[in-house]
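Participant: Following the hints, complete the assembly by docking chains B, C, D and E with the ligands onto the known chain A.
Chains as they are written, first to last, in our numbering: chain A, 1187 to 1767; chain B, 1187 to 1767; chain C, 1135 to 1408; chain D, 1135 to 1408; chain E, 6 to 171.
Since the hints were made in silico from the structure, they are not lab data.
Bear in mind that the values here come from a model prediction, so they are computed numbers and not experimental data.
Where is the CB? At the ideal position from N, CA and C, for every residue including glycine.
The reader is advised that the hints may include incorrect statements.
Label-pair distances were calculated between CB atoms; the ranges are [said to hold, decoys possible]: (1) B:L1358 x C:H1354: 46 to 54 Å; (2) B:P1576 x A:A1302: 50 to 58 Å; (3) A:A1766 x B:S1743: 56 to 64 Å; (4) B:D1568 x A:V1581: 55 to 63 Å.
Derived contacts from chain D toward chain C, CB cut-off under 8 Å, selection only [as the list claims (entries may be wrong)]: (5) G1238; (6) H1243; (7) R1246; (8) R1247; (9) G1288; (10) G1300; (11) G1314; (12) P1358; (13) S1362; (14) F1370; (15) M1375; (16) R1385.
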Amino acid sequence: MTNPSNSAATSVAIALAGSGGAGIMTAGNMLLEAAASAGYYALMTRSSGPQIRGGEAAAMLRIATHPVECMPAGFDLLAAVDWENVHRFGAEIPLGAGGLVLGDEAEGAPPAVFTASGAAIAALPLAAIARGIPGGRPNMVLLGLVGALLGLPEDAMHEAVSRTLGKRPAALEPSLAALAAGRSAAGSLQPFTPLAPPPGSAAGRWLITGNEAAGLGALQGGVRFVAAYPITPATEMLEWLSPSLESVGGVLVQAEDELASINMAIGASYGGVPSLTATSGPGLALMLESLGLAVASETPIVVVDIMRVGPSTGIPTKSEQGDLDIALHGLHGDAPHLVLAPNGVGDALATTQWAVTLAESLQCPAIVLSDQFLGQARAVIDRPAAGASPAARDVAAAAAEGDAPYRRYALTDSGISPMAIPGTAGVTYTADGLEHGERGTPSSQFTDHAAQLDKRLRKLADHDYGERWADLEGEGDLAVITFGSCTGPLREALALAYERGLAVRLVSLRLLAPAQPARLAAALAGVRKALVLEQNHSGQLLRHLKSSFDLPVPLASLRKPGGQQFNAAEILRHVVEWSAA
Amino acid sequence: MTNPSNSAATSVAIALAGSGGAGIMTAGNMLLEAAASAGYYALMTRSSGPQIRGGEAAAMLRIATHPVECMPAGFDLLAAVDWENVHRFGAEIPLGAGGLVLGDEAEGAPPAVFTASGAAIAALPLAAIARGIPGGRPNMVLLGLVGALLGLPEDAMHEAVSRTLGKRPAALEPSLAALAAGRSAAGSLQPFTPLAPPPGSAAGRWLITGNEAAGLGALQGGVRFVAAYPITPATEMLEWLSPSLESVGGVLVQAEDELASINMAIGASYGGVPSLTATSGPGLALMLESLGLAVASETPIVVVDIMRVGPSTGIPTKSEQGDLDIALHGLHGDAPHLVLAPNGVGDALATTQWAVTLAESLQCPAIVLSDQFLGQARAVIDRPAAGASPAARDVAAAAAEGDAPYRRYALTDSGISPMAIPGTAGVTYTADGLEHGERGTPSSQFTDHAAQLDKRLRKLADHDYGERWADLEGEGDLAVITFGSCTGPLREALALAYERGLAVRLVSLRLLAPAQPARLAAALAGVRKALVLEQNHSGQLLRHLKSSFDLPVPLASLRKPGGQQFNAAEILRHVVEWSAA
Amino acid sequence: MIDMTLTPAHYKSDVKPVWCPGCGDFGVLNALAKALAKLALRPEDVAVVSGIGCSSRIPAYTSAYGFHGVHGRALAVGTGLKVARPDLTVVVTGGDGDGYSIGGNHFLHACRRNVDLTYIVMDNRVYGMTKGQPSPTTEADWTSKLMPQGTGLGEIKPMAIALAAGANFIARGFTGDPNGLADLIVSAVEHPGFSFVEVLSPCVTFRPEQREWKKMVRGHALAPAADSVEAATRIFADDGMNLGVLYAGTRRPFAPPIGRAQRTPTDLERRFAL
Amino acid sequence: MIDMTLTPAHYKSDVKPVWCPGCGDFGVLNALAKALAKLALRPEDVAVVSGIGCSSRIPAYTSAYGFHGVHGRALAVGTGLKVARPDLTVVVTGGDGDGYSIGGNHFLHACRRNVDLTYIVMDNRVYGMTKGQPSPTTEADWTSKLMPQGTGLGEIKPMAIALAAGANFIARGFTGDPNGLADLIVSAVEHPGFSFVEVLSPCVTFRPEQREWKKMVRGHALAPAADSVEAATRIFADDGMNLGVLYAGTRRPFAPPIGRAQRTPTDLERRFAL
Amino acid sequence: MKQAVLDFMARACAMEAEAAERYAELAEQMWAFHNREVAKLFGKLARIEGLHRDQILEKMGWTEAPDPSAFRWETPEGPETTDYGELHYLMQARHALELALHNERRAAEYYERLSEADIPEDIRREAAEMAEEEREHVRLIEVWLAKTPDPDARWDEDLDPPVSVD
Ligand SMILES: Cc1ncc(C[n+]2csc(CCOP(=O)(O)OP(=O)(O)O)c2C)c(N)n1
Ligand SMILES: Cc1ncc(C[n+]2csc(CCOP(=O)(O)OP(=O)(O)O)c2C)c(N)n1
Ligand code: SF4
Ligand code: SF4
Ligand SMILES: [Mg+2]
Ligand SMILES: [Mg+2]
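Isolated chain A (complex conformation) (with noise of 0.2 Å):
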């Protein structure tokens, strides 16, 4: 609870836990429901064990009065129903210091990870209660109680459980059963600081994970034609994507690999149909070449990179962020291209939005960086903000016998070359990925390579890319720079210095390349230093920033690798001491 006294909490921090198929998942996801319709906001990310199916589970949710964006250094419940294996989560649910760990009876002591801290313990028999209702389960038991101790409203419970049920009768009655079960037994209880009212209703917003807003933003930015080989955590963002890219009439094929995907998505864009590919790590990396070619060929295309811990296979259900090096410089050769990253489960939309619009205007390829937690994570949250206008691409009107011979690459000053789309009379020609003169055909001159060269770089340098380029938020001589799912973390930290009287402005990059060394240094302008913060072992934003931006000011690091996410408190106490040093 972040409000210490004992009235009401205006968040609140619930993981709930279990050995897998105790319905753990489904819970919270019911818990996130109610939570939101009620008019809260939440968040609700997942964690599981090694076990394809059926290893322990843990839901961890945020509930708050405010948008949340992370989760906070310390939980105030953990519930679960059985305790097998759950110590395996101990680093990911730290319990606070008020906090509360809950459990059956019947399954003795919880483990020691999570009570060394001081937290109180309560136990109740659970299973016992479920097995009083016929058909009844512990789980359901579990989600009555905790929506009483977190004084959520009955009804805003009795609907989130009926509409994942619905379908389902005879599952449905014994569970709200159990959850009527589960809201009296709370009586027996401590009392629990519960939620401070709601901040008005539900209506407006929206309950969504980043995988969903991205792909949203790729249909709204004109994306019609997807190619995708399955891969942890960017498969969902890929299953919503099938049945959505048809109803908007696009299609998704399922390549046979990555290789694959890349060049049907080329071949797609080729053809005229603004199109995307969505990956991780592993699969980001058997692009590259490809990548290449759309840069050589200015074919538009997005690749949406939901990172996960690497180096190679890593750990797939975690984040990091890690493919920050690789999406800048993993091409061979000079490649300029666009990578961008959302910074919130919400941007993740216009951000994808903003990709889709840019690779088309601008011919070349867009690397989104997103990661495991804005991908997977659920959230509560505004409607977001309308994207960028839809894809323009600049297109080469037919010819007429007796025209000039179309120049696919002419040398124009923006660098953009209107593009013939095939069935186009007049102006057909060759994409090629050889370097070649202005009509395409090849050539191994060092004046056209240079020209060309000149070109592709022109495009991405002289563009305007307007204020998305980065979130400025904040006043202060010292500011920290940062870069997507880190800003969740670092905007409630900086919340708090300034509440204890420290300014510290925030910079959440979100155009990462092409750099915009001129921009930053204007953000930064009366900034005595700056902390540059990130998800990975090696520094690689800090790495960008200090060969790409020549900034006048001094760069300190904060960083950790993946698999842990930052939270606030540890980044107050890290800012805190560096603003002092």
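Facilitator: Leaving out everything else, chains B, C, D and E with the ligands in the frame of chain A:
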């Protein structure tokens, strides 16, 4: 002629040219060999038209009394059997003001691009002379002529021709006759400044290409398994390696693609056999995912990238230093590895050998960045210095029952953990690209991830790389920092600068990753400012220096894209300007 | 729309081929132009897609839209293009190295996926462009610098693989017979689904002995089987020199609907609204 | 050297499988252990190599040397290992997604290359590890989140492809019969060259209907043909449920000599000395 | 004129057109490979065949030759058309003339056979006329050949390695 007096030249640059099938390359090779056996140093590069066979061709040679590593700003002699499309080489064969353009009378005037510089023009009836000899060819007449002009001994020329054609008596006799006819025809020409006497005998010198040197270095380093897929300009290295490996008890497998080559090499290395693959940019791009596997599974492996012009297919036959970015940062996640670059034809041997040694002892992948120029240039060099000692992998001994279980990824102080080789009893393990604990068992714990990341970084960061990390030459408060094939012309430029009284240090980085900031800072002690020289469009080395070295001196950049090598005069001009700025 | 008759010459561009004189690929270009003329397709409604190799240079030599991609990925590019633009006629072209070595996986899956496009492989049993290394169709004992003792490996049988992987139309042509080849290409383009045309196309530079192929091929030796078992028996016993159509199947092409929107993206937002 | 008798238990490690209870892969692990015991190979002389997928987790569950590489590349790793270390017994393992989708090209070329190793594919006609997407062997009408209408594509026939690509030994087993499967694995390991064993291995989580396979398979329904034409006729008409050895060929394995040095690298320097 | 004769003349015209077109194409190939001598020769042959085509056009009062690919022959292409596969970038005049001779002979034979076949008289007459013209070409080329030296024994030897353009 670098010697402007009329006496004798210490360095002469000659280009032989003509249309396909005229035997220009062969004549060039013969001239090179004649110069070599006469006791000169020499360097030859080639260029040709877009046709697979029979396109226009040029052999560019520099013959000198001292080792040469680049072509000069101006050629002294262009000798052609015909002018068909030879103008296409205009940019590659700039004629010096005192130069001579020599052609066949019957072919008309040489292209203006060559004579605009004010070069002298001479013509002889080459074809007619050749026709006078049954089976005679104009290229041999030209060769005889050029040999005479340069003052190369008749027997050296004779021998070079005999060695090449020895096995074909039908061709040999007419060729020698044509050679002699050419030699006597030289008398009718204006006198040409001949070469100064050779600096000693050929004994102890080598005639070798950079690709061959890299291949030999690999074998010297202990490589006995190579898997590869053909690609220009790496193919010659593979073609040299294939029979050579067999003779030293190794094997080369032609893989179905680059994904297979890198994984075959990883498999062989896992089996305990030092392994390598060679490729160029597009192939390297395909290997990145599996390079990450080599990092995570700690499998030694060497990848030689003979860089060509990018992005995408680019210009396969031209050189560029455009793959530094991908070599340094192309892997997803945090994946520390080695990147090295030879800085001369002969150095390709020692650097590749060192790469093998480092990869083996540090159990990680090493990328060797050679390029088309170094790889395909054929040079007379002093016998290369011995390389590093051969591979020494830290191998786990067999264990008996009762011993503690083998920990393949033990968190040792050095970061290096003894590696069990299949066949060894008691220490079986499963190598894994999934994040793992010390025994190799997959783990998604943050602590295991952080520990293994630290270990993999530590083993590279803490290793003592000795003096080979860079070549440091000269004195003064200015420095030029470069790598790879820019080193040759830079060395020559700085020697000229020194003659003019401008002392500038040369720093040629051989070990590009892990970065050696402390060493470089020490090398730059007393330096006021530094210039970064490289052959690519975006300043990849400059960015690397900025991001990973935190140098105490201001850096300026001198760079141009691939397709046209730097020459010493060009660098000198820039250095002089920059030194004064 | 266009009234004038399109002759084969209309389908050639003004870009000069880099191919060696005598190269079989000239005949393929000729046959392709003839086939497109017979099909009376407008050049702008045709897209010729390729990878990298001598043979893969063909798109720029046609007057159609062309895409010269990276090595081995032509079928993927062609698939994306055809699925996104079903109105176009897509012809994917390339060599034995491009298609069967680095591109083998896309070949397998293009056969299986059965998108309505035509794949023409100019098989010269060698990597021409990189100067003569063995390809998957090279004879085991053919020696080269890279494989001085030969590969020692059996050649793959692309038509058998195509059949096993589900290609809907499988034929073999010879570049020395541009008219016969043009007919095969016409049938391939007209046949619904994935059509595979293997073309014996000599590399006179690295495999001069292939000049003999013209004496070895057997025209019209293959007759189309509609039954894959029958085709299999035939192709497993084939020596590679029989020309004609091996198989013409009836599998439904993969052509997911595109362009038929029932909703707008904004409609989809409703799914997330609370 | 080692005297004691090796039982199947010796070939299992102490790492706990992450597989779902009921998963067919348990039976494959069991059969593999049995086969290695029958072959009396020392665990340290065996290497089990895999890619990524549920099935690809198998190496760590054995007591042999293991290599758990990246998705789709297991055969390449196994090939390099076997060529470099001909003394080892190399068993490559994986799933239908790993082997036939992303790894399809290596499958083709491993068949052709005929290195003496054994490839065991646990075919469950689904991507288990990524939670249930269709693989190349999935039925056209099987619906999933990613393909709500099914793929609409015909399944590939891996055994037919193996045959067309030149595999030297081709068999099909069923995980529900670990003993029969162990026998097949023994024959596969003993047969020289590339041996391919397709194993029907149900995914009880995403394809619970595959529990019925045990009623559908026909044991010993395939008898080894030494003639590829005969094998082809048989396999093109096969419904996928016949167990046994389809083909046992006599092609010479690819085993380039290694370790027989006639020269030292220093000897080679002479080629460059003037 | 009877349809059969019209068809015959169209076929003859197409045959000449195809041969001319092919020679022109081969000339271009030779230019691209700097083989001037042979390029010129192919150019000349293209003109000769073109003339023959034009004669037929004129005689028939046509403006455009029919598309050669509309016709089929016993040989893969028209009897007068050079096979692409016969070319070599180092070929010499003699080779080119031998190719031309082969083509003209085939053409002459083709018409001769027609002129003797059991077909309408008017076609036979036209064929005989064409055969005579082709024989004329044969004689012409034979004269050229007599003046053209044999290629030297090493005519196709290119000591230079091929290049890789990727
Ligand atoms: C990723 C990659 N690997 C290798 C190459 C080099 N390469 C270019 S063409 C080619 C082989 C061409 O053979 P084939 O497809 O048979 O065409 P051909 O030249 O014989 O017509 C190779 C290996 C490349 N361009 N890209
Ligand atoms: C390059 C890459 N792409 C995608 C993935 C994601 N991925 C992991 S396993 C798998 C499919 C596994 O299917 P299969 O091989 O059939 O194994 P199963 O789980 O069914 O046993 C995929 C697509 C990955 N790890 N790497
Ligand atoms: S090298 Fe061979 S395939 Fe390439 S153009 Fe020449 S003849 Fe054709
Ligand atoms: S998901 Fe399927 S394949 Fe994977 S372990 Fe479970 S049952 Fe086996
Ligand atoms: Mg080929
Ligand atoms: Mg599977």
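Participant: The structure should be examined with respect to each hint, and the outcome stated for every one.
Facilitator: Here's how the hints hold up against the structure:
no. : hint                          : verdict
1   : B:L1358 x C:H1354: 46 to 54 Å : holds, 50 Å
2   : B:P1576 x A:A1302: 50 to 58 Å : holds, 53 Å
3   : A:A1766 x B:S1743: 56 to 64 Å : violated, 38 Å
4   : B:D1568 x A:V1581: 55 to 63 Å : holds, 60 Å
5   : G1238                         : holds, 4 Å
6   : H1243                         : holds, 7 Å
7   : R1246                         : holds, 5 Å
8   : R1247                         : holds, 6 Å
9   : G1288                         : holds, 5 Å
10  : G1300                         : holds, 5 Å
11  : G1314                         : violated, 25 Å
12  : P1358                         : violated, 16 Å
13  : S1362                         : holds, 5 Å
14  : F1370                         : holds, 4 Å
15  : M1375                         : violated, 17 Å
16  : R1385                         : holds, 6 Å
Checked against the numbered hints listed earlier, the structure breaks hints 3, 11, 12, 15; every other hint is satisfied.
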